[in-house]
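Student: One-letter residues, chain by chain:
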Amino acid sequence: RKEVEQDPGPFNVPEGATVAFNCTYSNSASQSFFWYRQDCRKEPKLLMSVYSSGNEDGRFTAQLNRASQYISLLIRDSKLSDSATYLCVVNMGTALIFGKGTTLSVSS
Amino acid sequence: GAGVSQSPSNKVTEKGKDVELRCDPISGHTALYWYRQSLGQGLEFLIYFQGNSAPDKSGLPSDRFSAERTGGSVSTLTIQRTQQEDSAVYLCASSRTGKDEKLFFGSGTQLSVL
Numbered sequence: 001r002k003e004v005e006q007d008p009g010p011f012n013v014p015e016g017a018t019v020a021f022n023c024t025y026s027n028s029a030s031q032s033f034f035w036y037r038q039d040c041r042k043e044p045k046l047l048m049s050v051y052s053s054g055n056e057d058g059r060f061t062a063q064l065n066r067a068s069q070y071i072s073l074l075i076r077d078s079k080l081s082d083s084a085t086y087l088c089v090v091n092m093g094t095a096l097i098f099g100k101g102t103t104l105s106v107s108s
Numbered sequence: 001g002a003g004v005s006q007s008p009s010n011k012v013t014e015k016g017k018d019v020e021l022r023c024d025p026i027s028g029h030t031a032l033y034w035y036r037q038s039l040g041q042g043l044e045f046l047i048y049f050q051g052n053s054a055p056d057k058s059g060l061p062s063d064r065f066s067a068e069r070t071g072g073s074v075s076t077l078t079i080q081r082t083q084q085e086d087s088a089v090y091l092c093a094s095s096r097t098g099k100d101e102k103l104f105f106g107s108g109t110q111l112s113v114l
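First to last, the sequence lines map onto chains A and B.
The first sequence begins at 1 in our numbering and counts up by one.
The second sequence begins at 1 in our numbering and counts up by one.
Extracted from the complex, chain A is given alone in its bound form:
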C-alpha cells in the first residue's frame, strides 16, 4: 500500500460547484496532516492544516477520519482561480510525505 494515496482526477467542474477530494494514508500513527495547493509549474503552497475536529477556512473545509485513515478537502462555490493541483501531505513520523495530487479544473 502506498503511503499517501489520492485520486489523480482530473476533476472538471463548473463555477459554483462543490467538489470533494479524499486522501488515504498508511501510517496509523501519523499525527499531522495538511493540504497544499500547487499551480502549474509553481512550487506548492500550504492551503490549510487538517485538525482532528475538522476545520474550515472560507469556502474550504478539511476533515480527518483517523479510524479510516483518510482526510478530505471540500471546496464550495468553486472559482476559476481554484484550478490547481491539490496535494495531501501526511507526517509519517520521519518526514512529510506528499500524495501525487488531485487536479481540479474549474470552468466558466
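Hints may contain errors.
[As the list claims (entries may be wrong)] Counterexamples of contact, computed for chain A against chain B with all Cβ distances above 10 Å:
hint, residue
1, Gly-9
2, Gly-16
3, Thr-18
4, Leu-46
5, Ser-53
6, Asn-55
7, Glu-56
8, Arg-59
9, Phe-60
10, Gln-63
11, Arg-76
12, Asp-77
13, Lys-79
14, Asp-82
15, Leu-87
16, Ala-95
[Stated by the list, open to error] Chain B stretches covered by chain A per the calculated footprint, using a threshold of three residues with CB under 8 Å from any CB of chain A:
hint, region
17, 8-19
18, 105-114
Just so you know, the hints here were simulated from the structure itself, not pulled from any lab data.
By construction, the Cβ of each residue, glycine as well, lies at the ideal position given by its N, Cα and C atoms.
Following the hints, put chain B in place on chain A, whose structure we already have.
Tutor: Frame of chain A; chain B shown alone:
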C-alpha cells in the same frame, strides 16, 4: 531575501557528470527538506534535516545521491554520475521548527540530463 532560494534555477548536464544543487533556507528555520518532482508526478521525498540531528536519508533513491547541510543553514544536494532518469525539478523547503510546521518552498532547480 525573505524566501527559500535555490540555485541554479536550471541545470543541463550530460549523462555521467556530477551536479550540485544549492538551497538557502529562510533564516532561522531549523528544518530543511529536499523533494524531487518529475513531470506530471507528485513530490518524492528525498532527505530531511532537522537542527543538529542526523538527517533522515530514507528517501534518497540510490547511493549516487547525497546531501549535506553546513552550519545548520545552506544545503547542497549532490548527484553523482547523473542518469537520464534523474531529470526532474528538485525542490527545497524549510520550516521553522520541524515537520508539523508550514513548509516554505523554493522555486526549484530544473535538472535535465541529456
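Student: Determine for every hint whether it applies to the structure shown.
Tutor: Quick rundown of the hints versus the structure:
no. : hint    : in the structure
1   : Gly-9   : holds, 12 Å
2   : Gly-16  : holds, 28 Å
3   : Thr-18  : holds, 25 Å
4   : Leu-46  : violated, 5 Å
5   : Ser-53  : holds, 17 Å
6   : Asn-55  : holds, 14 Å
7   : Glu-56  : holds, 18 Å
8   : Arg-59  : holds, 20 Å
9   : Phe-60  : holds, 16 Å
10  : Gln-63  : holds, 19 Å
11  : Arg-76  : holds, 24 Å
12  : Asp-77  : holds, 25 Å
13  : Lys-79  : holds, 23 Å
14  : Asp-82  : holds, 19 Å
15  : Leu-87  : violated, 7 Å
16  : Ala-95  : violated, 4 Å
17  : 8-19    : violated (count 0)
18  : 105-114 : holds (count 4)
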